[in-house]
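Mind docking chain B on chain A? Use the hints.
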Amino acid sequence: MSKPYTLQELLIISVAKEIHDYENVILGVGLPTTAGALAKALYAPHATLMMESGIIDFQPLVPLNHIADAHSCRGFSYATDLFSAFTMTYRGFVDVCFLGVGQIDKFGNLNTTCIGDYDKPAMRLPGSGGAADFISYAKRTVLTMLGGQFVEKLDYLTSPGYLDGGDSRDRSGLFPKGSGPSMLLTTQGIFRFDPVTKEIYLAQIHPKVKLDDVKKNVPWDLKIAGDLSETPHPTDAEIDFIRNFAPNMAIGRELMLELTVANLMKKMKK
Amino acid sequence: MDPSNGKVMTAKEAVSRFVHAGDALVIGNYTVGSCAELVYEVIRQRKKGLTLYSQSGIFDVEVLVGAGLVDKLVTTYVLRAGGRKGGSAVERALQAGTLQMEDYTNFDYNARMVAGMHGMTFIPVLEGVMATDLFRKRGFMGDDKFRVIDCPYTGKKILTVPAANPDVCIVHVQRADKFGNAQYWGALGSVAAAALASNRIIVSCEEIVEHDIIQSSPHLTIIPAYRVSAVVEVPWGAHPTEVLGYYNIDSAMYGLFMMADSTADGLKAWMDEWVFGCDNRAAYLERYIGKFGMKALDAIRAKPYYSAQANYGAAVTSRWDRDGREIFTGLTLPEMEAILKERGKFYE
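So the protein lines, in turn, are chains A and B. Counted from 1, the first sequence has number 243 at position 244 by numbering that gives the first Met the number 0; the numbering is strictly sequential. Counted from 1, the second sequence has number 45 at position 46 by numbering that gives the first Met the number 0; the numbering is strictly sequential.
Here chain A stands alone, though its shape is the one from the complex (with noise of 0.2 Å):
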């Protein structure tokens, strides 16, 4: 048996196995970029790892403030601009994208753009960024939702998923076929979609995760796959790769701001 782990980790390696070598991938901030480092160096050392800021082909150093942070590694291959950067995933080049989720449905349609009301919002998100166009060209797109939730109707389309399920998004003709979101990950488990119905289903669980759980957060009778299993414990390899890279991330946001001022306090005496 390897070494404990926190449940952070165990996302971040979830995420990461979702990128294969030799694929072009574009990362978003947090949780992605700390996979796709994870992926570069353990799984992946080819993969081209991009951001929309046009910085491309990038092997990150510290974990990322945003997705125009150059400071996270030493140089890159090609400095290129935004518009760049989504014309050629409009033209198919991008295997993979990552998309934090505020509301989904259930066929893997987003919003990240407001809770409630879209004049008068009980909570705004941030918008689109670069999510809509993404999620529209990318080969796939693999969704992580840690603090959002599961609705029957989004308050507000931010970005296309499978639309009303089906063939619908191939129909729609405004989107390569056989795009669209491939798996889903949360603190609970990960997701997946029905290759024929497009409908998002359970295909494995977190450890210490009840199934009732999950099945509380999920507003409709949820599937699950017949094959469910657990996910699976990280190596030591993975784990050591996360705490050298991004000790922030392996503690959680919470832990580390606690840490980071009582450091800052116990300087301050000094």
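Keep in mind that the hints were calculated from the coordinates and are not lab data. It should be emphasised that the depicted structure is a prediction, and the values quoted were computed from it without experimental measurement. Do not rely on the hints blindly, as some may be mistaken.
Once the Cα atoms are required to be at most 25 Å apart in a straight line, the calculated SDA-like pairs of lysine to any residue come out as [claimed, not checked]:
no. : chain 1 : residue 1 : chain 2 : residue 2
1   : A       : K2        : B       : K344
2   : B       : K294      : B       : C277
3   : B       : K11       : B       : S216
4   : B       : K340      : A       : T234
5   : B       : K136      : B       : T75
6   : B       : K71       : B       : D271
7   : A       : K265      : B       : T75
8   : B       : K340      : A       : L6
9   : A       : K265      : B       : E341
10  : A       : K215      : A       : A121
11  : A       : K265      : B       : G323
12  : A       : K2        : B       : W319
Partial chain B-side listing against chain A, Cβ under 7 Å, derived [as the list claims (entries may be wrong)]:
no. : residue
13  : H117
14  : F121
15  : F134
16  : G138
17  : P223
18  : Y245
19  : F327
20  : T328
Short derived list, chain B residues pointing at chain A, Cβ under 8 Å [claimed, not checked]:
no. : residue
21  : I213
22  : H218
23  : T220
24  : M335
25  : R342
Note that the Cβ used here is the ideal one computed from N, Cα and C, for glycine as well.
Frame of chain A, contents of chain B only:
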């Protein structure tokens, strides 16, 4: 597995694998630093029936047309050797009825590549051309050379050209790494757009450099590795044209070509010697040095004038300081792990 994806190869192999008879072929370079060796290799391998795109038809277009490989030409400029008394391969092919051609302005031609590069199906261009025969006279593209639409915002008449996505681009640059990241500087012209619009890209370069060099100067990269099919290292690969930082134009050699190009027989004799007579660029250089001496090459070799370095550095390259303490919390890894255990954050 070869980390370069096996992209490094000879001009012979690259052209044989990635240029096919009947292709739409674009010469990526514009006016300077033409991919001479790749052009000559296309000729040596007799890749026929080409639709040739060139922003600046210079000697490169002349030799391809002169060799009878081009059925259709899209360009903005036709080289004419020897003034009024002279001639050109393009002119002779038009007279013989063996070549069809479309004339565009520089802007229109470049716009077609930009549209292709960005995945657009057409692009608005500058409408003044509508008053000219560039607009009225249509060649093999017919109605699709230009089309006019109404601007949905202002109602104004908008002139458009269709995107170009050539099958293959041949292009010469200063340097590249073995993965295919291609760096080019100097007159940017339409080089990047021509390459990026194309479905396959063959890069020839003066030298293949370590990846570190590329990584510390990404602003010079015009083609990213993942778009490139082949990387060919060819010193003097653009001779007799010039490559900034490597050599100047060889005016004497270019003059010889121009004299030859003014007649069909002259061009044929010149190509027999310098294209068909040399298996590759090394053989070409050997012949050149044998005929004109090393001094002729030394005279056009560039003297260094380096650009200022750009600092790509950051404050830290690790979240851990020299004492092994995490930079924000001041904790060592064992201390951090002890806290995680104590707080019940660990999954055993």
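Here is what the structure says about each hint:
1. For the hint pairing K2 (chain A) with K344 (chain B), the CA-to-CA distance comes to about 13 Å; that is within 25 Å, so the pair holds.
2. Note on K294 (chain B) and C277 (chain B): the hinted pairing holds, with a Cα-Cα distance of about 21 Å set against a maximum of 25 Å.
3. For the hint linking K11 (chain B) to S216 (chain B), the alpha-carbon distance of about 30 Å lies beyond 25 Å, and the restraint is violated.
4. Our distance criterion of 25 Å between C-alpha atoms is met by K340 (chain B) and T234 (chain A), whose separation comes to about 18 Å.
5. Between K136 (chain B) and T75 (chain B) the CA atoms are separated by roughly 14 Å; this keeps the pair inside 25 Å, and the hint holds.
6. For the hint pairing K71 (chain B) with D271 (chain B), the CA-to-CA distance comes to about 24 Å; that is within 25 Å, so the pair holds.
7. A C-alpha spacing of about 70 Å is found between K265 (chain A) and T75 (chain B), which places the hinted pair above 25 Å, so the restraint is violated.
8. About 13 Å separates the Cα atoms of K340 (chain B) and L6 (chain A), which keeps this hinted pair within 25 Å; it holds.
9. A C-alpha spacing of about 21 Å is found between K265 (chain A) and E341 (chain B), which places the hinted pair at or below 25 Å, so the restraint holds.
10. Between K215 (chain A) and A121 (chain A), the direct Cα distance comes to roughly 23 Å. Compliance with the 25 Å bound is thereby established for this hinted pair.
11. As the CA atoms of K265 (chain A) and G323 (chain B) are separated by approximately 18 Å, the hinted pair is consistent with the 25 Å bound.
12. Of the supplied pair hints, the one linking K2 (chain A) and W319 (chain B) holds, its CA atoms being roughly 21 Å apart against a limit of 25 Å.
13. Because the closest C-beta pair between H117 (chain B) and chain A is about 4 Å apart, less than 7 Å, the hint holds.
14. Against a cut-off of 7 Å between C-beta atoms, the interface hint on F121 (chain B) is violated, since the closest Cβ of chain A lies about 14 Å away.
15. Because the closest C-beta pair between F134 (chain B) and chain A is about 27 Å apart, greater than 7 Å, the hint is violated.
16. A hinted interface residue such as G138 (chain B) counts as satisfied when its beta carbon comes closer than 7 Å to some beta carbon of chain A; here the least separation is about 28 Å, so the hint is violated.
17. Taken as an interface hint, P223 (chain B) checks out: its beta carbon lies about 4 Å from the nearest beta carbon of chain A, inside 7 Å.
18. With a cut of 7 Å, the hint placing Y245 (chain B) at the interface with chain A is violated, because the nearest CB-to-CB distance is about 22 Å.
19. Interface hint at F327 (chain B): satisfied, since its Cβ lies 4 Å from the closest Cβ of chain A, which is below the 7 Å cut-off.
20. Interface hint status for T328 (chain B): upheld, as the beta-carbon distance to the closest one in chain A is roughly 4 Å, under 7 Å.
21. At about 5 Å, the closest approach between the beta carbon of I213 (chain B) and any beta carbon in chain A falls short of 8 Å, and the interface hint on this residue holds.
22. Interface restraint check: H218 (chain B) against chain A, minimum CB-CB distance 5 Å, threshold 8 Å, status holds.
23. Interface hint at T220 (chain B): satisfied, since its Cβ lies 4 Å from the closest Cβ of chain A, which is below the 8 Å cut-off.
24. Interface restraint check: M335 (chain B) against chain A, minimum CB-CB distance 6 Å, threshold 8 Å, status holds.
25. For R342 (chain B), the interface hint holds, since its Cβ comes within 8 Å of a Cβ in chain A; the closest pair sits about 7 Å apart.
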